[in-house]
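> Sequence:
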Amino acid sequence: MLQERGLNITVADARFCKPLDRALIRSLAKSHEVLITVEEGSIGGFGSHVVQFLALDGLLDGKLKWRPMVLPDRYIDHGSPADQMAEAGLMPSHIAATALNLIGAPWEALY
1 MLQERGLNIT VADARFCKPL DRALIRSLAK SHEVLITVEE GSIGGFGSHV
51 VQFLALDGLL DGKLKWRPMV LPDRYIDHGS PADQMAEAGL MPSHIAATAL
101 NLIGAPWEAL Y
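In this text, residue positions in the sequence shown follow UniProt numbering: the first is 1, and each later residue adds one.
Just to be clear, a hint being listed does not mean it is correct.
Stated by the list, open to error - Label pairs and their calculated CB-CB ranges:
1) Val-11 x Ala-82: 28 to 38 angstroms
2) Pro-106 x Lys-18: 16 to 26 angstroms
3) Thr-10 x Gln-52: 29 to 39 angstroms
4) Asn-101 x Gly-45: 19 to 29 angstroms
5) Pro-19 x Asp-83: 30 to 40 angstroms
6) Ala-55 x Ala-82: 27 to 37 angstroms
7) Asn-8 x His-78: 17 to 27 angstroms
8) His-78 x Lys-30: 33 to 43 angstroms
9) Asn-101 x Asp-61: 18 to 28 angstroms
10) Pro-92 x Leu-24: 19 to 29 angstroms
11) Leu-24 x Asp-61: 14 to 24 angstroms
12) Pro-19 x Ile-43: 17 to 27 angstroms
These aren't lab readings, by the way, just hints derived from the structure by calculation.
Cβ atoms here follow ideal geometry from the backbone N, Cα and C, with glycine treated the same way.
Just need the whole structure built from these sequences, with the hints factored in.
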């Protein structure tokens, strides 16, 4: 979705939260203006570890924008995985809209 709009993106697969791949996160933070962590977990998970590292390493002191995307802190009705991800706001279109919002681009065209 984003590449179709001419944006360069990087997807980094963080298979586990710990140990945190600090070198990779540092490299991504220095080479991108936006970082979005997406996880099928709640607040206090991977994204929280990433932002803690970014803050302590001084990587949030510049122009880097970071947003976490996590499961909402509420019950999600039983359904297909796609339905649950849509209700949680973790579908590709939600991620793309978050990225576009962070760079100040119109996201309404995604829907």
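> How does the Cβ-Cβ distance of Pro-19 and Asp-83 compare with 30 to 40 angstroms: does it lie in that range?
holds, 34 angstroms
> Kindly confirm whether 33 to 43 angstroms is satisfied by the beta carbon distance between His-78 and Lys-30.
holds, 42 angstroms
> Should the hint that Thr-10 and Gln-52 are 29 to 39 angstroms apart at their CB atoms be regarded as holding?
Since Thr-10 and Gln-52 have Cβ atoms about 21 angstroms apart, the given range 29 to 39 angstroms is violated.
> Go ahead and decide if the range 28 to 38 angstroms is satisfied by the Cβ distance of Val-11 to Ala-82.
Given range 28 to 38 angstroms: violated, Cβ gap about 19 angstroms.
> Can you tell me whether the CB distance of Asn-101 to Asp-61 sits inside 18 to 28 angstroms?
This hint holds: roughly 22 angstroms between Cβ atoms.
> Assuming the hint says 16 to 26 angstroms, is it satisfied by the Cβ distance from Pro-106 to Lys-18 or not?
Distance hint for Pro-106, Lys-18 is violated at roughly 38 angstroms.
> Taking the CB of Pro-92 and the CB of Leu-24, does the distance hold inside 19 to 29 angstroms?
Given range 19 to 29 angstroms: holds, Cβ gap about 22 angstroms.
> Indicate whether the distance between the beta carbons of Pro-19 and Ile-43 respects the range 17 to 27 angstroms.
holds, 21 angstroms
> Mind checking the hinted window 14 to 24 angstroms against the Cβ distance between Leu-24 and Asp-61?
holds, 20 angstroms
> Mind checking the hinted window 17 to 27 angstroms against the Cβ distance between Asn-8 and His-78?
violated, 38 angstroms
> Please test the hint of 27 to 37 angstroms on the beta carbon pair from Ala-55 and Ala-82.
Check passed, 34 angstroms falls within 27 to 37 angstroms.
> At the C-beta level, are Asn-101 and Gly-45 separated by a distance inside 19 to 29 angstroms?
holds, 22 angstroms
Hint compliance for this structure: hints 1, 2, 3, 7 are broken, all remaining hints hold.
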